[in-house]
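Using the hints, build the complex out of the two chains.
The primary structure of each chain is shown beneath.
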Amino acid sequence: DTGVSQDPRHKITKRGQNVTFRCDPISEHNRLYWYRQTLGQGPEFLTYFQNEAQLEKSRLLSDRFSAERPKGSFSTLEIQRTEQGDSAMYLCASSPPERTQYFGPGTRLTVL
Amino acid sequence: GENVEQHPSTLSVQEGDSAVIKCTYSDSASNYFPWYKQELGKRPQLIIDIRSNVGEKKDQRIAVTLNKTAKHFSLHITETQPEDSAVYFCAARANDYKLSFGAGTTVTVRA
Chain A
3 DTGVSQDPRH KITKRGQNVT FRCDPISEHN RLYWYRQTLG QGPEFLTYFQ NEAQLEKSRL
63 LSDRFSAERP KGSFSTLEIQ RTEQGDSAMY LCASSPPERT QYFGPGTRLT VL
Chain B
100 GENVEQHPST LSVQEGDSAV IKCTYSDSAS NYFPWYKQEL GKRPQLIIDI RSNVGEKKDQ
160 RIAVTLNKTA KHFSLHITET QPEDSAVYFC AARANDYKLS FGAGTTVTVR A
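Residue numbers (the working numbering), protein chains in the order written: chain A, 3 to 114; chain B, 100 to 210.
Hints were generated in silico from the structure; no laboratory data involved.
Among the hints, erroneous ones may be present.
[Unchecked claim] Covered stretches of chain A, as calculated for chain B (at least 3 residues, CB under 8 angstroms):
1) 43 to 49
2) 100 to 106
[Stated by the list, open to error] If you want the ones that stay clear, here's a sample from chain B, every Cβ over 10 angstroms from chain A, calculated:
3) Val119
4) Val153
5) Ile161
6) Thr164
7) Asn166
8) His171
9) Pro181
10) Asp183
11) Ala190
It should be emphasised that the depicted structure is a prediction, and the values quoted were computed from it without experimental measurement.
For each residue, glycine too, the CB sits at the ideal point set by N, CA and C.
Next comes chain B alone, as it looks inside the complex (with noise of 0.2 angstroms):
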């Protein structure tokens, strides 16, 4: 099945500066690439998301870039703000239904 790796596991980032989180993926079937927030005792909110026929999206402060052959994909947050921490997922979906999420980066933006 699909394997999905994240990091760093915990980033710490001055406000004002960039945060970049980075994925694996293992199935090259996969095809749609979704960031989800977490915040403390809440629910995933999507994000972002991107297909694999696009290398680059983005979306005010937040872009998300896709490489298929390397089989990777990073989640770029420009100036952020105290309101960016909280815990981003990763996932991958390599059929219709299925997401495989990563373990999380936890991030902290220090004002």
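Next up, chain A with everything else stripped away, as it sits in the complex (with noise of 0.2 angstroms):
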């Protein structure tokens, strides 16, 4: 599977917790957007990356969360002291610039 992939696919992880997730993108696509999704809403946008350059930073990304692409390829994303608010489908897409953007399977989080 070419595709962007993401892992781990499920993470249930208890209130207060650091989390990490991992997004592989599309090899020849240099940018790399994160979104959140809750249930019954669509992809509500997080931040996203130029080769390893951090762009853009939404307001939902509180100084809790923080993404990383440090060679340009995989990035990740680290939740810490996780609260039950974070619970969602965390969603990983990559695109050539100005073209379309082809989502990962996601991360579903739940925060016990």
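The following block contains the structure:
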């Protein structure tokens, strides 16, 4: 499968714990995006990278959230001190500049 | 920022009938409008998109229309089939990276 991949697919954690998700984009895509999707809603933009540079962060991304793309390939999204309100599907997408975004399968986070 | 509204939230159609989903957007600078289909537990998949320099685009049973003046765009699915059952999301892009999504339409095709 040469599409966007995400790991893990599911994560259950206790409130207050830290979690980290990984996204591997389509290899030739230099843009990588993170979105959050809650039940019954469309995806909401969190942040995006062009190569290794993080160029935009949404107000939704509190200081407990951090994203990296150290070598311009895969990306990680870390949530520190998780809260129940962080429970959601975290989607990653990739694209060439100004082109169609292709989504990964998502990581479903449940915070107990 | 961009605000995208999508209607209806649920749509039930008889197999073979047509389905229409409508979206409006707020930012007149939006120039790209994709539609994604998301089946239960799966990733959103692009089914069709349209750019602001085009009024209509068709791909087999799926078509999208865009009215820039009224700031609305619509998805039309003809001859619906059971495999068309899914959640459909419209989106708009006003810059070169951020997609703003509607809340989704759950389409059920009755056999």
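Structure-based check of all given hints:
1. 43 to 49: holds (count 5)
2. 100 to 106: Since 6 is at least three, the answer is holds.
3. Val119: Its Cβ never comes within 10 angstroms of chain A, the nearest being 18 angstroms, so this holds.
4. Val153: Answer for B/Val153: holds, closest chain A Cβ roughly 15 angstroms.
5. Ile161: For B/Ile161, whose nearest Cβ neighbour in chain A is about 15 angstroms away, the distance exceeds 10 angstroms, so it holds.
6. Thr164: holds, 19 angstroms
7. Asn166: holds, 21 angstroms
8. His171: Label holds. Min Cβ-Cβ 17 angstroms, cutoff 10 angstroms.
9. Pro181: Non-interface label stands for B/Pro181: nearest chain A Cβ at 23 angstroms, farther than 10 angstroms.
10. Asp183: For B/Asp183, whose nearest Cβ neighbour in chain A is about 19 angstroms away, the distance exceeds 10 angstroms, so it holds.
11. Ala190: violated, 7 angstroms
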